[in-house]
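J.: Chain by chain, the residues run as shown.
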Amino acid sequence: GAGVSQSPRYKVAKRGQDVALRCDPISGHVSLFWYQQALGQGPEFLTYFQNEAQLDKSGLPSDRFFAERPEGSVSTLKIQRTQQEDSAVYLCASSPDRTASAKGYTFGSGTRLTVV
Amino acid sequence: AQSVTQPDIHITVSEGASLELRCNYSYGATPYLFWYVQSPGQGLQLLLKYFSGDTLVQGIKGFEAEFKRSQSSFNLRKPSVHWSDAAEYFCAVGSFGVGNEKLTFGTGTRLTIIP
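Residue numbers (my numbering), protein chains in the order written: chain A, 1 to 116; chain B, 1 to 115.
Calculated directly from the structure, the hints in this document are not laboratory data.
A virtual CB, placed ideally from N, CA and C, is assigned to each residue, including glycine.
Be aware that one or more of the hints could be misleading.
Unchecked claim - Have a look at the derived ranges for each label pair, beta carbon to beta carbon:
| id | chain 1 | residue 1 | chain 2 | residue 2 | range |
| --- | --- | --- | --- | --- | --- |
| 1 | A | Pro-70 | B | Thr-55 | 35 to 45 angstroms |
| 2 | A | Lys-78 | B | Ala-1 | 21 to 31 angstroms |
| 3 | A | Gln-80 | B | Thr-112 | 13 to 23 angstroms |
To be verified - Here are some chain B residues pointing at chain A (derived, C-beta under 10 angstroms):
| id | residue |
| --- | --- |
| 4 | Phe-96 |
| 5 | Leu-103 |
| 6 | Gly-106 |
Excised from the complex, chain B in its bound form (with noise of 0.2 angstroms):
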């Protein structure tokens, strides 16, 4: 069965730092990846998602992450944080085909910004 590992749950991070948030999978074949984020009270947006190809994904709002096979990772990275990036942030890892269609996702790690 698939899973997903977030071993951070809660990160702090200064305003203008750079930030990296842990993402581990376990996935049969090659995974589909992605990135979410949920502020409070909102439904969860897509940062980036990873299929094939090149390994290195870039996403919205200054994001990225980069898929390692050999680490079954995909860890979230973004050179600069601004303190609207203050959200919960959950990586998930995608099932597919007829009757088998879910994401399952980690349970997420909080970003907290100080000025």
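Only chain A is shown next, with the shape it has when bound in the complex (with noise of 0.2 angstroms):
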């Protein structure tokens, strides 16, 4: 597609569900991003991708966090047993390059969580 496509916009979860957060990025792009912004905040990083290689994912707040790009384009977010401190945009960025922030990205227009 033309851009980075994230689904769904905007997600409410019950306390204790567990959520799962779909990327599209561009096409052919080989790194691959999550960040999550908390509200009034800058985004922070979470993990990143080259193709279907999890090179970082230092930035995973707990084990109920995991990501995966089993096929080196679409990405999943899921957090299980979600928390209200989950509560958050979740972006995702794509590059076509390996050197991806040497170059700066571009960012979907996130997913809203709110858990309730």
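Grab the two chains, each in its own frame, and use the hints to assemble them into the complex.
T.: Take a look at the structure:
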């Protein structure tokens, strides 16, 4: 597609529920990133993939968070047993390059997760 | 560890006036620096980036930024703002390398434009 597509745009989950957030990067993009943006804050790094390989997951806040990109294109961020502190906008970004941070990358519009 | 500070949480500017948004960074090597803009409900759009070379960088929508190593700053400027510039602005520093790719963002500056 023309841009990075994320779905759903909005998700309301009851505390304890599992959720799955989807990211469709720009076709052919090698690098894919997930960021978490809490209300009133800047985005914070969660994890990144180069093709299907998850090269850095140091930003995942707990073992309830899991990300995958099995075929090197679409990625899913899964949050198990959601907690209220998980409420945030989850942004996905992709880049055609392996050295993505050196050139900036294209962000999607995000999924706003609200845990009630 | 790298970090970014945006000292101004909220700035209000009259339409047509000049604008400067401040950004200070901490990074051990030559930094890769970025400014992004975020409109309500939207993702982040890249305004401009600095890697090396000329310290005055031109971006989209009439924005520019100047890298000052001695001050660890990368301030964003625009000579004359338009109402459509109202948004949240984020400065970021990038680290790179296999397994070390990430952007570290500041907390943002909200820009309000008054007629």
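J.: Against this structure, judge whether each hint is valid.
T.: A quick look at each hint next to the structure:
Between Pro-70 of chain A and Thr-55 of chain B, the C-beta spacing of about 43 angstroms keeps the proposed range 35 to 45 angstroms intact. For Lys-78 of chain A and Ala-1 of chain B, the hinted distance range of 21 to 31 angstroms is satisfied, since their beta carbons lie about 28 angstroms from each other. Checked against the hint of 13 to 23 angstroms, the pair Gln-80 of chain A and Thr-112 of chain B fails, with Cβ atoms roughly 39 angstroms apart. The closest approach between the C-beta of Phe-96 of chain B and any C-beta of chain A is roughly 4 angstroms, which is under the 10 angstroms cut-off, so the hint is satisfied.
Given hint, Leu-103 of chain B at the interface with chain A, holds; its Cβ is 6 angstroms from that chain's nearest Cβ, closer than 10 angstroms. Interface restraint check for Gly-106 of chain B: the shortest CB-CB distance to chain A comes to about 5 angstroms, inside 10 angstroms, so the restraint holds.
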